[in-house]
Amino acid sequence: MAITILPFLKRIFNGIFRKKRHIKLGFYGPPNSGKTSLANRICKDWTGEELGKVSKIPHETREIQIKEKVDINFKGKTLTFKIVDTPGIATRIDYEDFLHYGLSKSEAKKRAKEATKGVIESIKWLDDMDAVIVVLDSTQNPYSQVNITIIGNLVARKIPVLIVANKIDLRHADVKRIEAAFPEYDVVGISAKFGKNMEEFYESLFRLAKRRK
Amino acid sequence: MAKFRSLTIQFVPASEIAGLSSAERIKKLLKIILQNNLVLLQGRLRAEEEARLIEDTMALVGTLKGFRGVELAVLSSKNENLNFGSLLRNRLAKILGMENAITVIGPASIVREIKKDPSKIELLLKK
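Chains as they are written, first to last, in the working numbering: chain S, 1 to 213; chain V, 1001 to 1127.
Simulated from the structure, these hints should not be mistaken for lab results.
Mixed in with the good hints there might be a few duds.
[To be verified] Computed footprint of chain V on chain S, listed as stretches where at least three residues anywhere in the stretch have a Cβ under 8 Å from a Cβ of chain V:
id, segment
1, 33–46
2, 107–121
3, 131–145
4, 149–156
[Claimed, not checked] Okay, the calculated bits of chain V under chain S, using three or more residues with CB under 8 Å as the criterion:
id, segment
5, 1004–1014
6, 1020–1033
7, 1056–1064
Idealized CB from N, CA, C, for every residue including glycine.
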């Protein structure tokens, strides 16, 4: 009797605690796609504080940034997230690219060195996520191997994914191209900078949270 | 007289890396890339191996003078379907020796960019 009841009680026990703990939500993507802008928008909307600095220079986020407790309410339901903003993942980092943005050689080299460490850190954190938002720049070609590698790794780890096509306020934005590149996934077009289409984003986020690990 | 810059493309058959561990595969590919050659790999690495390749590449960027990373692209016979079912089918095809993809990896010091769209690739080389 005890043997048959035990798994049942365990399921209920796990269910209670699974619902209570914070959902670790990762923000992944290539550099300059707007991961921090989106994390900032969410944190500002629900806690009143931003998470990190944004810049036009790639690899502005070079360390993992965390907001421990963000309560998001959507249509009367509240979920608590732990927001994890990660450095952009790239296969190449050339300090000379930063010189075009007016950095000195030593600043550029320092930034490149920190950026390489950031990429490694981002990859290491993949295993810790309950759900991930992959932020892509909707003005860029979505078929980049970095995008495919990130999503492939999330699938391999069975981590649910929501793709955000960011920067829809820009003239060359093409959300349909991202949808065509990743037809198996929920894609939502937004402008994190101007807060455009955030309602649809939160709806997709709550759907994603239901499928979490 | 015009100066020419050569680029060596090294073909790596799937059979050559089939028996290797993930770490050994990546080491083998990086060894070719570090000689400033372009790798043309029959098949593709697993997603976890691609991530590991990026990690190892980033670790080398900080330590090897002049190394700036890699450019990477995978061409497969159909659109990338990254759902669980298609990954399983790809695994099965691999076990049966039927490779339906080609991976191109080049050193970033030579290959400026690989544009993929989605069934053709364009290599932009540095001058």
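Results of checking the hints against the structure:
1. Residues of the segment 33–46 of chain S lying with their CB closer than 8 Å to a CB of chain V number 0, which falls below the three-residue condition for coverage.
2. A stretch counts as covered by a chain when three or more of its residues have a beta carbon under 8 Å from one of that chain; for the segment 107–121 of chain S and chain V the count is 6, and the coverage holds.
3. Counting residues of the segment 131–145 of chain S whose beta carbon lies closer than 8 Å to any beta carbon of chain V gives 4, which meets the minimum of three for the stated coverage.
4. Only residues whose beta carbon comes within less than 8 Å of a beta carbon in chain V count, and the segment 149–156 of chain S has 6; three or more means the coverage holds.
5. With a threshold of 8 Å between beta carbons, the proposed coverage of the segment 1004–1014 of chain V by chain S is violated, since 0 of its residues qualify and at least three are required.
6. Taking a C-beta to C-beta cut-off of 8 Å, the segment 1020–1033 of chain V contributes 0 residues in contact with chain S, too few for the three needed, and the coverage statement is violated.
7. By the rule of at least three residues with a Cβ nearer than 8 Å to a Cβ of chain S, the coverage given for the segment 1056–1064 of chain V holds, with 5 such residues.
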